[in-house]
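Read off the chains here:
Number of protein chains: 2
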Amino acid sequence: MDTIQAILERRSIRKYEEKEVSDEIVKELLKAAMAAPSSNNMQPWEFLVIRNKEQMSKIVEAKQAATPLMGASVAIAVCADLNVYKGKPNLWVQDCSAATQNILLASHAKGLGAVWISIYPVETRTKKVQDILGLPEEIIPVSIISIGYPGELKEPSNRYNESKVHFYKW
Amino acid sequence: MDTIQAILERRSIRKYEEKEVSDEIVKELLKAAMAAPSSNNMQPWEFLVIRNKEQMSKIVEAKQAATPLMGASVAIAVCADLNVYKGKPNLWVQDCSAATQNILLASHAKGLGAVWISIYPVETRTKKVQDILGLPEEIIPVSIISIGYPGELKEPSNRYNESKVHFYKW
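Quick note, the sequences are listed as chains A and B, same order. Under numbering that gives the first Met the number 0, the first residue of the first sequence carries the number 0, and numbering increases by one thereafter. Under numbering that gives the first Met the number 0, the first residue of the second sequence carries the number 0, and numbering increases by one thereafter.
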């Protein structure tokens with residue numbers, strides 16, 4: 000699929016078919032994730048692949064907007080390892096977000112549907128998800144991506160808004 | 000260009016040809032930016048298109064890693080409007096990062112070279128860039144993307160690292 004088309008057509012897909020997304024495809028999504036840029040090429044990310052339905056339903060209890068997980072074949076938690084940036088400016092949120100966006104675009108290009116569920120920076124939610132997933136204290140779940148074969152079709156949404164563009168000066 | 004190819008091949012390009020990137024192409028990059036997802040579709044972003052060489056060289060003074068701007072045809076500051084998320088969890092860093100990544104990928108797909116220069120969260124640097132660009136206090140420059148026709152060729156860098164993948168449990 001053409002890159003510009005994928006970027007413009009991608010939508011948040013929250014309903015899925017009952018069809019498994021293979022580990023092979025998941026690995027391709029993770030390759031896309033790790034191709035993201037990171038500040039000073041620090042690559043502070045860690046990825047947890049989730050297929051456990053009990054964990055998914057506990058995450059939904061922690062965040063209602065995570066409901067799409069109930070029908071997802073797989074989810075990927077994009078996490079930051081706090082040890083990586085120790086003593087340097089904290090840029091892991093940006094790095095993990097770039098990786099998350101790559102996964103969303105790669106999913107769309109591969110005929111999958113996906114939605115970005117943010118976890119960080121809400122502290123209680125971050126802690127809960129760490130507990131549910133058994134993550135060490137220094138591993139922060141920034142986002143969880145819910146993924147499956149699309150069970151809903153969405154037209155591209157043109158969000159271009161010229162009032163948000165400032166040419167040459169504010 | 001194929002989406003997966005663009006994601007895997009994109010590199011940070013810091014050297015450029017002396018050739019202007021048209022406003023028409025810049026608008027296509029901004030369309031790609033605003034096609035990014037944002038939490039609750041809040042779209043907290045604002046974009047400042049920079050062509051002023053004096054502003055660019057002042058930004059380089061504020062951050063050495065911004066040096067690529069000296070040869071860039073154009074730059075886009077991806078900013079967050081703090082008013083949008085008022086009273087809600089602060090997710091604008093993630094939203095602006097997704098928009099930034101879309102601009103990088105769209106640039107690559109269009110034969111341009113680009114590099115992500117982070118501004119936020121370093122406070123002194125954020126303040127300096129606000130001054131240089133004449134941004135109001137509530138408009139936070141998250142990143143500046145330096146863009147031009149590529150003056151260097153970089154092979155794809157395979158950053159896939161299986162030790163960062165946790166299948167099913169941490």
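Some hints here could point you the wrong way.
[Claimed, not checked] Here are the computed lysine-lysine pairs in the DSS-like style, where the Cα-Cα straight-line distance is at most 25 Å: (1) Lys126(B) <-> Lys163(A); (2) Lys163(B) <-> Lys163(A); (3) Lys126(B) <-> Lys52(A); (4) Lys163(A) <-> Lys14(B); (5) Lys87(A) <-> Lys168(B); (6) Lys57(B) <-> Lys127(A); (7) Lys168(B) <-> Lys163(A); (8) Lys85(B) <-> Lys30(A); (9) Lys30(B) <-> Lys109(B); (10) Lys126(B) <-> Lys30(A); (11) Lys85(B) <-> Lys62(A); (12) Lys85(A) <-> Lys109(B); (13) Lys153(B) <-> Lys168(A); (14) Lys62(B) <-> Lys87(A); (15) Lys126(A) <-> Lys153(B); (16) Lys52(A) <-> Lys57(B); (17) Lys26(B) <-> Lys163(A); (18) Lys168(A) <-> Lys52(B); (19) Lys126(B) <-> Lys126(A); (20) Lys109(B) <-> Lys30(A); (21) Lys126(B) <-> Lys109(A); (22) Lys57(B) <-> Lys168(A); (23) Lys126(B) <-> Lys168(A); (24) Lys14(B) <-> Lys85(B); (25) Lys30(A) <-> Lys153(B); (26) Lys62(A) <-> Lys14(B); (27) Lys57(A) <-> Lys163(B).
[Stated by the list, open to error] Which stretches of chain A does chain B cover? Using the computed rule of at least three CB atoms under 8 Å from a CB of chain B, they are: (28) 25–38; (29) 99–108.
Calculated from the structure, these hints are not laboratory results. Just so you know, even glycine gets a beta-carbon here, dropped at the ideal spot from N, CA and C.
Results of checking the hints against the structure:
1. The hinted pair formed by Lys126(B) and Lys163(A) meets the criterion: a straight-line CA distance of about 21 Å does not exceed 25 Å.
2. At most 25 Å may separate the alpha-carbon atoms for a hinted pair to count; Lys163(B) and Lys163(A) exceed this at roughly 37 Å.
3. Only pairs whose Cα atoms come within 25 Å are accepted, and Lys126(B) paired with Lys52(A) is rejected, the gap being roughly 46 Å.
4. Taken as a hint, the Lys163(A) and Lys14(B) pair is broken in the structure, with Cα atoms around 28 Å apart against an allowance of 25 Å.
5. At roughly 29 Å between alpha-carbon atoms, Lys87(A) and Lys168(B) are farther apart than 25 Å, so this suggested pair is violated.
6. At most 25 Å may separate the alpha-carbon atoms for a hinted pair to count; Lys57(B) and Lys127(A) exceed this at roughly 44 Å.
7. A C-alpha spacing of about 42 Å is found between Lys168(B) and Lys163(A), which places the hinted pair above 25 Å, so the restraint is violated.
8. For the hint linking Lys85(B) to Lys30(A), the alpha-carbon distance of about 36 Å lies beyond 25 Å, and the restraint is violated.
9. For the suggested pair Lys30(B) and Lys109(B), the alpha carbons sit about 13 Å apart, so the restraint of at most 25 Å is met.
10. Taken as a hint, the Lys126(B) and Lys30(A) pair is broken in the structure, with Cα atoms around 36 Å apart against an allowance of 25 Å.
11. Pair hint Lys85(B) plus Lys62(A) holds up; C-alpha atoms about 20 Å apart against a cutoff of 25 Å.
12. Among the hinted pairs, Lys85(A) with Lys109(B) is inconsistent with the structure: their alpha-carbon atoms are about 37 Å apart, more than 25 Å.
13. A distance of roughly 33 Å separates the Cα atoms of Lys153(B) and Lys168(A); the hinted pair therefore is violated under the 25 Å criterion.
14. Restraint check: the Cα-Cα separation between Lys62(B) and Lys87(A) comes to about 15 Å, which is no more than 25 Å; the hinted pair holds.
15. For the proposed pair Lys126(A) and Lys153(B), the alpha carbon gap of about 40 Å is over 25 Å, so the pair is violated.
16. Taking the CA atoms of Lys52(A) and Lys57(B), the gap is near 52 Å; set against the 25 Å cutoff, the hint is violated.
17. Restraint check for Lys26(B) and Lys163(A): the C-alpha separation of about 12 Å stays at or below 25 Å, so the hint holds.
18. With a CA separation close to 13 Å, the supplied pair Lys168(A) and Lys52(B) stays within the 25 Å bound.
19. Between Lys126(B) and Lys126(A), the direct Cα distance comes to roughly 32 Å. Violation of the 25 Å bound is thereby established for this hinted pair.
20. A C-alpha spacing of about 22 Å is found between Lys109(B) and Lys30(A), which places the hinted pair at or below 25 Å, so the restraint holds.
21. The hinted pair formed by Lys126(B) and Lys109(A) fails the criterion: a straight-line CA distance of about 41 Å is larger than 25 Å.
22. For the proposed pair Lys57(B) and Lys168(A), the alpha carbon gap of about 15 Å is at most 25 Å, so the pair holds.
23. About 17 Å separates the Cα atoms of Lys126(B) and Lys168(A), which keeps this hinted pair within 25 Å; it holds.
24. In summary, the hint linking Lys14(B) to Lys85(B) is not supported, as the alpha carbons are separated by about 39 Å, beyond the 25 Å threshold.
25. At most 25 Å may separate the alpha-carbon atoms for a hinted pair to count; Lys30(A) and Lys153(B) meet this at roughly 18 Å.
26. Distance hint between Lys62(A) and Lys14(B) is unfulfilled; the C-alpha atoms sit about 44 Å from each other, more than 25 Å.
27. Our distance criterion of 25 Å between C-alpha atoms is met by Lys57(A) and Lys163(B), whose separation comes to about 24 Å.
28. Closer than 8 Å: that is the beta-carbon criterion, and the segment 25–38 of chain A has 10 residues meeting it against chain B, so the requirement of 3 holds.
29. Remark: the segment 99–108 of chain A is confirmed as covered by chain B, as 8 of its residues place a Cβ nearer than 8 Å to a Cβ of that chain, reaching the required three.
Hint check: violations occur at hints 2, 3, 4, 5, 6, 7, 8, 10, 12, 13, 15, 16, 19, 21, 24, 26; the rest are consistent with the structure.
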